[in-house]
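Trainee: All the letters of the sequence shown, read from the start, carry residue numbers -21 to -1, 1 to 466 under mature numbering (1 follows the signal peptide of the UniProt record, and there is no 0).
It cannot be assumed that every hint is accurate.
[Said to hold, decoys possible] Simulated restraints on C-beta separations:
#: 1; residue 1: E141; residue 2: D253; range: 30 to 40 Å
#: 2; residue 1: T388; residue 2: E164; range: 36 to 46 Å
#: 3; residue 1: R33; residue 2: F167; range: 27 to 37 Å
[Unchecked claim] Each computed PhoX-like pair below joins lysine-lysine, with the alpha-carbon atoms no more than 20 Å apart:
#: 4; residue 1: K271; residue 2: K333
#: 5; residue 1: K333; residue 2: K375
#: 6; residue 1: K100; residue 2: K172
For the record, the hints were derived by calculation from the structure and aren't laboratory data.
Idealized CB from N, CA, C, for every residue including glycine.
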Amino acid sequence: MRFACIGGRALFFGLATLALAGIDAQPARADNQTPTVSEVSTDAAGLPYSIELRAVDSSQVLPTLQSFAFGQTHGLWVILGGRTNGLHGFSNSGLKNFPPRRQNRRIWVIDPVSGERWSRKLSDSSLTQDQIDALSSTATEKMQIGDTLYVIGGYGYSQTQENFVTFDTLTALDLLQTVAWVRREPVFGIEVKDLADIIRQTSRGVLKVTGGQVTQIGSRTVLAFGQLFDGGYGDPDANQVYTTQLRSFKLRDNGRKVAIRKVRRDPKKPNPTDYRRRDYTLVPFLQMKRGKTIEKAAALAGVFTLTDGIFTVPVEFGEEASPQMANPDASRTFKQAMNGYDCAYLAIWDRRTKSSHSVLFGGISYVYYDSETGEFVEDTNFPFINDITSVVRDRKGRYEQVLVGEFPTIMSTDGKELLFGAEAEMFIDPATPTTSNGMVDLAALRRMHGNEPVVVGRIFGGIAADAPNFGNSVASNIIFEVVLTPQ
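Construct the complete structure from the given sequences, taking the supplied hints into account.
Mentor: Written as structure tokens, this is what we have:
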């Protein structure tokens, strides 16, 4: 058994050996969406900020978690679902690749400042077994509106069906009431209720998605891309179907019942050439139009093309939920080189230049930066990396990717550097000023703090690997403070 340590503190348990490299059982050579990628700039000094990560000591041992759903309320994190181990296996047995015992069947509440944590089993409630299974699934789509967390779909083991399924549910959880249930005590004047009385849930076939992302733009909820996967991962009779579309709907939640209506699909017919995407990073941005800002979102990269490669050209959409993508064959089209798999991100809005910045933290990548040679290297095995980049969209819609740093060096006890970021999440600090769509408002931050460094958020969870390829992995329990210094 191996442990990773900071200053002698044990952080991880039981690094599991990866059977294959990368993020899926891929051939040695895969064809990406585009044969080339855009050059990554090293001119981080040209950005209006700098980024630094700091590993944080915790007063209590935190859970190892990845691919989970989360929300925040009153400075507390609420986490459910996901898995407690590292990268999945690649055998022909779904039970071995995604062991059900590694599904997170607890709801966790974490105070990131004090390091305190509380948890409670989902089964310690009046929830049905089907509800428990859905809420303990992995790779769900999640979003928070006000003090309500919405969790859609996800992949996991169904006790009722005795098989792995993609769930077709949308669940609404009142976060503060969930905190009271987990802690078994009233909090902020909220009395303890049974968890079954806190959640609201609906089921629709259109929600049967895992590995996608969801966001609210204007009056519509957009469930973007992802897949349906029924059966064990690696089982010969498993059924996998990518959605290859945006599914949008009106979300109705009156506090007693939740429902969806006015469902639209775009494109109506599958488009696997452009939109066969899952496990990507969905980021908000602001677009300038006639002097006003319009809220939109961009799907960055993702996997897998029909030829088992990675996607490189962003897909943008707004409230109308109609995907727009630049011509992949055009020489001027931005083609993302790094941080192509779902990772923690920080969205920043710079009013001075009217530009949107998506800082991507580590994860899995097609290109990595070799600090010893100062060169960018392509790797078709899609390695784990510690590199941090910013994908910048200027006021005219032009993109570029800039190298801005890396995760701090944390070694395993057998002397291997750990690589972070994949399937990790960013928790924005409640004191950080943000735009209406959740981006850090750099101008407001500068007014509050000048050019002093500020903790704007924290990264938690995800996969920690001890090698870019063919190594070992675990789920991380380290908190990294994200320190932004306006320039």
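Trainee: Holds or violated: K100 with K172, Cα cutoff 20 Å?
Mentor: holds, 15 Å
Trainee: Taking the beta carbons of R33 and F167, is their distance inside 27 to 37 Å?
Mentor: Cβ of R33 to Cβ of F167: about 29 Å, so the range 27 to 37 Å holds.
Trainee: Taking the beta carbons of E141 and D253, is their distance inside 30 to 40 Å?
Mentor: holds, 37 Å
Trainee: So if I understand the rule, the pair passes when the alpha-carbon distance is 20 Å or less; does K271 with K333 pass?
Mentor: holds, 10 Å
Trainee: Are the Cα atoms of K333 and K375 separated by 20 Å or less?
Mentor: At roughly 9 Å apart (the allowed maximum being 20 Å), K375 and K333 satisfy the hint.
Trainee: 36 to 46 Å was suggested as the range; check whether the CB atoms of T388 and E164 agree with it.
Mentor: holds, 40 Å
The structure meets every hint from the earlier list without exception.
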